[in-house]
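Visitor: Here's the letter readout for the chains.
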Amino acid sequence: MDNRAPLPLSRRTLLIVGVVTATAMVLPPFISAKACAANAARPIKSSVSLSVNGEKRDLDLDTRTTLLDALREHLHLTGTKKGCDHGQCGACTVIVDGRRINACLTLAVMHDGAKVTTIEGLGTPEKLHPMQAAFIKHDGYQCGYCTPGQICSAVAVLEEIRAGIPSHVSASLTDSPQLIASELQERMSGNICRCGAYSNIIEAITEVAEADL
Amino acid sequence: MRPFTYLRARSPAEAAALAAQVSGSRFIAGGTNLLDLMKLDIETPTHLIDVNGLALDRIDTTPEGGLRIGALVRNTDLAADTRVRKDYALLSRALLAGASGQLRNKATTAGNLLQRTRCPYFYDTNQACNKRQPGSGCAAIGGFSRSLGVIGVSAACIATHPSDMAVAMRALDAHVETVRADGSTRVIAIADFHRLPGNTPNIETALAANELITAVTLPAPLGGMHIYQKVRDRASYAFALISVAAVIQQDGSGRVVLGGVAHKPWRVETAESAMAQGAKAVADQLLAGATPTPENAFKLTLVERTLASVMAQARTHA
Amino acid sequence: MKFDTLATTNPIDQMKVVGKPTTRIEGPLKTTGTAPYAYEHHDVAPNQAYGVVVGSAIAKGRIASMNLQEAQSAPGVIAIVTAANAGKLGKGKYNTAKLLGGPDIQHYHQAVALVVADTFEQARAAAQLLDIQYVSSEGAFDLLSVRGSGAPTEEAPDTTHGDFAAAFGAAPVQFDATYTTPDQAHSMMEPFASIAAWQGKQLTLWTSNQMIDWSVTDLATTLGIPKKNVRLISPYIGGGFGGKLFLRCDALLAALGARLAGRPVKVALARPMMFNNSTHRPATIQRIRIGTTPAGKITAMGHESWSGDLPGGKLELAAQPSKLLYAGDNRLVSMRLCTLDLPEGNAMRAPGEASGLMALEIAMDEMAEKLKLDPVEFRIINDTQVDPVDPKRPFSQRHLIECLRTGATRFGWDKRHAQPGTQREGRWLIGMGVGVAFRNNLQMKSGARVRLDASGTVTVETDMTDIGTGSYTIIAQTAAEMMGVGLNDVVVRLGDSSFPVSSGSGGQFGGNCSTAGVYAACVKLREAVAQRLGISVEDAVFVGGEVHAGGNTFALHDAATAGEIVAEDAIEFAELSKQYQQSTFGAHFVEVAVDSATGETRVRRMLAVCAAGRILNPTSARSQVIGAMTMGVGAALMEDLVVDKHLGFFVNHDLAGYEVPVHADIPHQEVIFLDETDPASSPMKAKGVGELGLCGVSAAIANAIYNATGARVREYPITLDKVLHALPPMI
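Residue numbers (the UniProt record's numbering), protein chains in the order written: chain D, 1 to 213; chain C, 1 to 318; chain V, 1 to 731.
No lab work stands behind these hints: they were computed from the structure. Note that the structure is a prediction, hence the values are computed from the model and not measured. Any given hint might turn out to be false.
Unchecked claim - Only pairs whose alpha carbons sit at most 27 Å apart, straight line, appear in this in silico DSS-like list of lysine-lysine:
1) D:56 / D:45
2) C:39 / D:45
3) D:127 / V:722
4) V:722 / C:280
Said to hold, decoys possible - Rough simulated footprint, nothing fancy, chain C against chain D, three-plus residues with beta-carbon under 8 Å:
5) 43 to 50
6) 195 to 203
Stated by the list, open to error - Far from chain D, by Cβ distances over 10 Å, these chain C residues were calculated:
7) 30
8) 55
9) 184
10) 301
Using N, Cα and C, we set each Cβ at its ideal position, and we do this for glycine too.
For reference, chain D alone in the conformation it holds in the complex (with noise of 0.2 Å):
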């Protein structure tokens, strides 16, 4: 089936002629090109003091450092992982000031003076936060790449039902949300987890949130 409806405008303008720039500058017509080129001559820092899992860290970066890069590749925190890079996968989720977020999805000089917590910060090897024992426990991992950003997740979506945010399946908006499986399904739902942990996981994540009522 070839469901080409000819149309005015061609969608082949630049193959019509066999060839295309790979990388054309696209400028919004209101930026200057003239700006742009003034701006690639040079590497433009920015100094930035965080407090990463309640340490102080000081850090000069290139303001196009994402949060998520400053931590994996200047403090070499690199439990925080890099699955898309494009806020499609949820494996760089760490708590900002309270809240979960993607790391890939911010700029690192964004957040002068913020609260981070990576997966280091919540416990170690020797010292498991109880949702890490309970991913243990359930096997809710396998490759373990999201693992670290499933885990800052359900640490913020338990705070998160506590804390009376709804969800899209709550049943209603009035009531506080429940501690049920489904909630927990569609909160978790921006952490992507190819291996198929899922069942595993909202079992560790029950367990948890169980053990805290």
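We have chain D already, so just place chains C and V on it with the hints.
Guide: Chains C and V in isolation, oriented as in the chain D frame:
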């Protein structure tokens, strides 16, 4: 991502003024869409003005009995606000249907309105896209169009607007408050805020260059049943194939807005007078003149059936 | 150790450690973010520079010109690797397309350059400044339109048995339908990533790879250097699913970049490039014809499949399961390969069987309905205990009927409404479906080295990999069982090419083969221990950290007081796979709810019953199966690499566009393992489950959707637009 200078603005007017002074400026708040696009060289600012410190993160009651939502109110906070949950449930439901918990914690009210399309050809700088590179063509027309627009499209662009929140805002008759570089302010009705693609799909909103959104206001509560039904391929963390936002009153009258079908939230007020005649009558008027592709023609059926489901839910709960 | 006769009783049969549900020994590292993955080895080489890969903007053609000037002068840029300065490159045995393209372009996003800079930000920015002009040429991108050009392959000649055409023509009940499966992406969570460092002529590469030895060989071949000059280290792998079986461009370009830059270089492939740059599971078109007696006995089984790949590429062996799965005296199994200019097709989890059973197990459901037979019974009627094409050859173990019966009972199959579209709960239409799981057991040589030191610690070294499969733990269990020590006394070191060559991870052979290799090495170590202790190994009992023999008891570590004992061996498989057909079996049961208005499908219950030899670690084996079931939900409902048939590339090339299941898509999942040991498979008597769990599950979902709605969809994925037409009218 190109190098950029970075500055934190101290007031909305200052932010707008600063933006006007430095060419290549963009405002950054949540950053969840802007940084995504900057990494792909689709957005190429040379100067970022961080507006997160502007104290636009309050939700206040207006003298008219409505709400004034600061531009920086995070999606999570807006969805969880008790007044919104009680009186503007449609808005809560739409927000909670979108993105993920992590993204909603970052994304702002203004930024959500300004989300750019998820058309895959827009996202690939090797491909022709009139929205990204005016005049280059539209690779989506005749390409993979299953998720793209069915109405209000043009020969230059068939992209859709990806926001759920904006669909609810349209149903609630929200207004967008802004400040411009000269310090002047204005109010834009949500109906006029997003544009159809026409020949200039690169221009997506009514905002002028360097104009900053400061708040979104909602009129006094409408009452009625609020239903936001989002239809998608996976159960969560996915953009809508279509969505239906509806506010339906006891007598069966109401408002209906569609998401996922057009370059903007799709509302045809006159179609709402057909509510009593049922979903088909409403859908027929809403989608009159639709020009789907063979790949996305299913959206017309899907809209009608989803609308029927929404109206049935309203009847059940009335 | 040669494995050439059926396994008899051996120390593994004690099952003191093996077979016990065991949490992963690397769990504390993975859950605390302290297990280092490929891109995270900051400490191994100083002064690492960053490489960013640039991919081709066209699908087929050539590079007309490349202007690097602007990129080269960008801040921080150290070097730019292209085909023009990379030197002469060979091509690895396992690669179809070149890993570095230019001037000829074979597929979209084929790597054409690596930009190396001091920082990631600089490298990424400079990569966007390359000015490359291309000349496109015509390509073939649509499988359907080139189907007629499909050619037979040496790899998979037609299987003809009896007279299929005559038997099908004469069959009282006939069924003939065509199915399609789309291209699919592995979408493992960790992107391809490598760090390369040269010391003189010696290259060390920290990477993410399932098959260490294959990739050492292919990297050496590609670079034109001796294999001994290459070392690969891959201790943790963030998922592979077949995508990391081979050398990929991150590894090659990191090596080339490091050589050109004169310093270590790290490279990770950007997610939006993963889908077109690397391999994928190829799309298939499958025609299935089944002829039966009125009572449902299959007399004719025909399965034909078409798939495409680049010139020189590989077939998707989709029709293969129909050689063996069901009885029937007349058979035609044929596969045809077409040339396509899409990115390289290659193995993805359960290659062949996964796609094949997506079609075959719908066909079986359709045929059962035609026969007015219960779909479970129809499959049982057509079970076979021998290779249907070579009846002298029995299956080593085949408990498919037990899987089906156990599953049906446990799932409540008797509550299924045979008439589609008749079970409704509110707005949801409810349906149940069944699908058979089938995957062959493959045997690959696998080596290991085992050390015993004076503290009594047993250290296992093998280049085996753990891609989430649980290799670390089952290898530790094997060594513990063999040496009579606790799990805590075993250290497992994997994924290093300086260790003995193993089976690697693929084809669900890794678990059985790599542990069998460890078994072989431990047999040698036991002999060495006995020798040191001056006892006969035949009399020795290794238990509780001790060795008992002839009334004497020794501490195991006493054997190593005079120095560490090192033993090395490999398991090598002989002809048993010819004598016995070795396969794994299962049955998937699924319940779905379909929104009667929108056609959205939500899976409500899933059960898999598996018969797959000895289950070495029920904990990780279960995880393998539920993970595969999850991937099967994706394949059934959403996964589809969409081809732009004019431009020739996969359009939805990121994780927002290529949807894989999320938490909300997956219900609580149940797995039952039948108690089985297979003495033909190895001394471990184990087989594999990691791929079995994927086979047949998507069809079970498809069948459940049919049962719920009456919509029989033969084109995957079963998205709502394909179901809408069958839904009840809305009032």
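Visitor: Confirm or reject each hint.
Guide: Cross-check of the supplied hints:
1. D:56 / D:45: holds (19 Å)
2. C:39 / D:45: holds (18 Å)
3. D:127 / V:722: Measuring from Cα to Cα gives roughly 51 Å; hence the hint is violated.
4. V:722 / C:280: Roughly 21 Å separates the two Cα atoms, so the pair holds.
5. 43 to 50: holds (count 3)
6. 195 to 203: It is violated, with 0 qualifying residues against the three required.
7. 30: Non-interface label fails for residue 30 (chain C): nearest chain D Cβ at 8 Å, not farther than 10 Å.
8. 55: Holds, because the least Cβ-Cβ distance between residue 55 (chain C) and chain D comes to about 16 Å, which exceeds 10 Å.
9. 184: Non-interface label stands for residue 184 (chain C): nearest chain D Cβ at 19 Å, farther than 10 Å.
10. 301: It holds; residue 301 (chain C) is separated from chain D by about 17 Å at its closest Cβ, greater than 10 Å.
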